[in-house]
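Visitor: Protein chains in written order, with this note's numbering: chain A, 1 to 323; chain B, 324 to 602.
Just so you know, not all the hints are guaranteed correct.
[Claimed, not checked] Below, a list of computed lysine-lysine pairs in the DSS-like style, where the Cα atoms sit at most 25 Å apart:
(1) K246/A / K213/A
(2) K220/A / K491/B
(3) K518/B / K44/A
(4) K518/B / K246/A
(5) K198/A / K598/B
Keep in mind that the hints were calculated from the coordinates and are not lab data.
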Amino acid sequence: MENPVIYMIAELRMGCITQETYELVRFARVIGKGKKPVFLLLGKNIEEQAQEISRKTGCEVIALTGNHLEHYNVLSYAHSLMEILQEEAAAWVCLPHTSMGYDLAPRLAVLLKAACVTGVESAGEGSLSRPIYSGKFTEEIVPKTARVVVTVLPGAFRPCEETAGRAGSVKVMKAAFIEAPSQTLGVAESAHRDSALKDAEVIVSAGRGIAKKENTALIKRLAAIFPRSAVGASRSACDLGWFERKHQIGTTGQTVSPRLYIACGISGAFQHVSGMRGAQTIVAINTDKHAPIFQVAHYGVVEDLETFIPVLIEATNRTLLSR
Amino acid sequence: MPGFLIPGYHRLPETKGYLGMKVLVCIKQVADSSDTLQIDERTGHLACAANTAFRMNRFDEFALEEALLIKEKLSGTLVHALSVGPERVSAASQRAMGMGADHGIHILDSADGYMSPFTLASLIAACVRARNYDLIMTGVMAEDTMACQTGQLIAALLDLPCATSVIKEEVQPERGEITVEREIEGGSRETVVLKMPAVLTIQPGINFPRYPSFSKVMRARTYAQELIRAEDLAIEEPREFCRRVRIPDAASEGVILEGSPREKAQMLINILHEKSLLS
Numbered sequence: 001m002e003n004p005v006i007y008m009i010a011e012l013r014m015g016c017i018t019q020e021t022y023e024l025v026r027f028a029r030v031i032g033k034g035k036k037p038v039f040l041l042l043g044k045n046i047e048e049q050a051q052e053i054s055r056k057t058g059c060e061v062i063a064l065t066g067n068h069l070e071h072y073n074v075l076s077y078a079h080s081l082m083e084i085l086q087e088e089a090a091a092w093v094c095l096p097h098t099s100m101g102y103d104l105a106p107r108l109a110v111l112l113k114a115a116c117v118t119g120v121e122s123a124g125e126g127s128l129s130r131p132i133y134s135g136k137f138t139e140e141i142v143p144k145t146a147r148v149v150v151t152v153l154p155g156a157f158r159p160c161e162e163t164a165g166r167a168g169s170v171k172v173m174k175a176a177f178i179e180a181p182s183q184t185l186g187v188a189e190s191a192h193r194d195s196a197l198k199d200a201e202v203i204v205s206a207g208r209g210i211a212k213k214e215n216t217a218l219i220k221r222l223a224a225i226f227p228r229s230a231v232g233a234s235r236s237a238c239d240l241g242w243f244e245r246k247h248q249i250g251t252t253g254q255t256v257s258p259r260l261y262i263a264c265g266i267s268g269a270f271q272h273v274s275g276m277r278g279a280q281t282i283v284a285i286n287t288d289k290h291a292p293i294f295q296v297a298h299y300g301v302v303e304d305l306e307t308f309i310p311v312l313i314e315a316t317n318r319t320l321l322s323r
Numbered sequence: 324m325p326g327f328l329i330p331g332y333h334r335l336p337e338t339k340g341y342l343g344m345k346v347l348v349c350i351k352q353v354a355d356s357s358d359t360l361q362i363d364e365r366t367g368h369l370a371c372a373a374n375t376a377f378r379m380n381r382f383d384e385f386a387l388e389e390a391l392l393i394k395e396k397l398s399g400t401l402v403h404a405l406s407v408g409p410e411r412v413s414a415a416s417q418r419a420m421g422m423g424a425d426h427g428i429h430i431l432d433s434a435d436g437y438m439s440p441f442t443l444a445s446l447i448a449a450c451v452r453a454r455n456y457d458l459i460m461t462g463v464m465a466e467d468t469m470a471c472q473t474g475q476l477i478a479a480l481l482d483l484p485c486a487t488s489v490i491k492e493e494v495q496p497e498r499g500e501i502t503v504e505r506e507i508e509g510g511s512r513e514t515v516v517l518k519m520p521a522v523l524t525i526q527p528g529i530n531f532p533r534y535p536s537f538s539k540v541m542r543a544r545t546y547a548q549e550l551i552r553a554e555d556l557a558i559e560e561p562r563e564f565c566r567r568v569r570i571p572d573a574a575s576e577g578v579i580l581e582g583s584p585r586e587k588a589q590m591l592i593n594i595l596h597e598k599s600l601l602s
């Protein structure tokens with residue numbers, strides 16, 4: 001069989017091409033067998049961004065434009081993309097596993113009668129590997145169809161290096177308009193930004209594993225022993241009402257890169273890790289020695305934090321006094 | 324071209340003054356903790372220890388709570404809870420009824436192995452296609468398989484509009500619309516208006532799920548759930564399969580500190596001190 005075409009759906013956020021878009025190139029190289037992948041970009045005025053992708057990656061770019069594509073909408077995007085995608089009987093369609101990617105991928109898969117594999121972190125030997133149970137296990141999925149739709153976990157692949165070679169060709173096409181039963185009105189920026197997290201050199205962060213609201217005091221006490229520190233939290237700790245939203249770190253919260261990050265009772269699902277993997281030193285404290293957070297931590301402590309944090313604080317004070 | 328443009332076969336009740344809706348919540352039952360799961364070396368798949376406890380997927384609790392809030396706001400609204408799986412999953416829709424759902428549907432599939440999101444969504448779509456729900460809701464993902472597909476696939480299979488990661492919703496029953504905010508990267512919010520019938524996948528944090536009430540739990544116990552056999556539903560072949568489950572490749576170069584809590588604390592302090600992270 002002829003090699004399938006590999007399409008990559010580019011993503012814009014506030015008009016800028018996301019890093020996740022460039023990560024797709026490396027994924028395409030892993031699954032690709034010689035065929036040069038093609039980027040598809042959708043939007044209103046996007047020629048500049050299309051040129052940027054072709055220049056940086058050397059890939060061919062097809063830009064689909066239209067007023068109705070100004071904001072992401074699953075139905076308008078799917079309709080426009082299908083004009084291109086349905087041409088190929090065998091194809092891979094790759095998207096980032098983001099609020100756009102996981103929203104759009106299943107719709108495209110149904111329209112294309114394709115297998116749909118989401119949240120993929122690696123590929124090889126005919127299968128796609130994806131973390132399950134917050135990363136404690138990995139499952140290997142084998143697509144059985146000629147068309148396959150995949151979403152790639154942010155951060156699983158490095159963004160492609162900028163090519164020194166020739167830019168890819170750029171084709172701009174007008175996308176057909178449809179009256180869809182859903183309409184995206186616009187995007188509002190988060191009201192929960194905390195500059196304390198951005199400026200902190202040390203962040204002590206808590207997850208569901210701290211077990212109860214009273215233990216937030218322990219987290220604050222631990223943070224207080226460091227100068228220029230701040231308290232962070234995982235999404236589920238915020239959902240439980242243990243911390244205010246402005247403390248949330250991760251995909252839907254803030255992205256931080258402090259000198260030291262201490263993760264307490266955080267399992268380490270990618271939604272959290274993608275917001276803190278840039279920290280210089282990562283310490284994880286968790287009772288579950290198999291917790292995925294230990295995969296990203298430089299130093300791990302397998303202890304109950306109700307026991308360990310008081311010991312740590314006391315030992316710190318003792319050390320500080322004796323120095 | 325795909326026919327998702329005209330979802331014509333459902334309509335809101337036309338009776339004057341009646342604004343109640345039919346809402347379906349799809350609920351997955353998951354293992355309470357992954358500690359009781361192990362890879363069966365013989366099959367290459369996950370096996371549950373006999374003492375495995377199961378519970379409702381947390382993300383679906385938020386979806387169910389949101390449906391119940393709609394029911395409280397719009398009198399006459401009915402909330403149905405649906406689960407797919409072996410006998411044990413009937414406990415999930417029973418809990419849902421304990422929280423306030425009006426009716427439980429159990430699609431019984433005794434093969435307790437890997438089920439692809441496509442097969443799962445196909446079963447649900449085949450079951451509910453003719454049932455005229457105004458809203459179908461589910462959690463943004465399942466805690467165990469983390470696929471983020473089920474709601475979107477159901478919507479695509481039924482030709483319905485869909486919004487994922489919904490962190491706020493407002494029904495306009497008189498207009499047959501629902502306005503939602505999707506929580507996207509960095510906590511930004513995208514506003515989408517959908518014509519009903521529609522599918523929503525609910526983001527955690529949208530509400531605080533209630534606990535089942537004793538009286539409702541007692542009533543739910545006497546109430547017969549609707550049982551549908553998976554093999555009676557006509558669905559397409561799976562499009563992917565799971566070859567095996569394995570332990571993740573150890574990418575970590577991290578150090579696990581050993582010793583008593585005191586020794587570990589002292590080691591950590593020394594490391595942080597060396598790195599000038601602690602004065």
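Visitor: Which of the listed hints are broken here?
Guide: Of the numbered hints, 2 and 4 do not hold.
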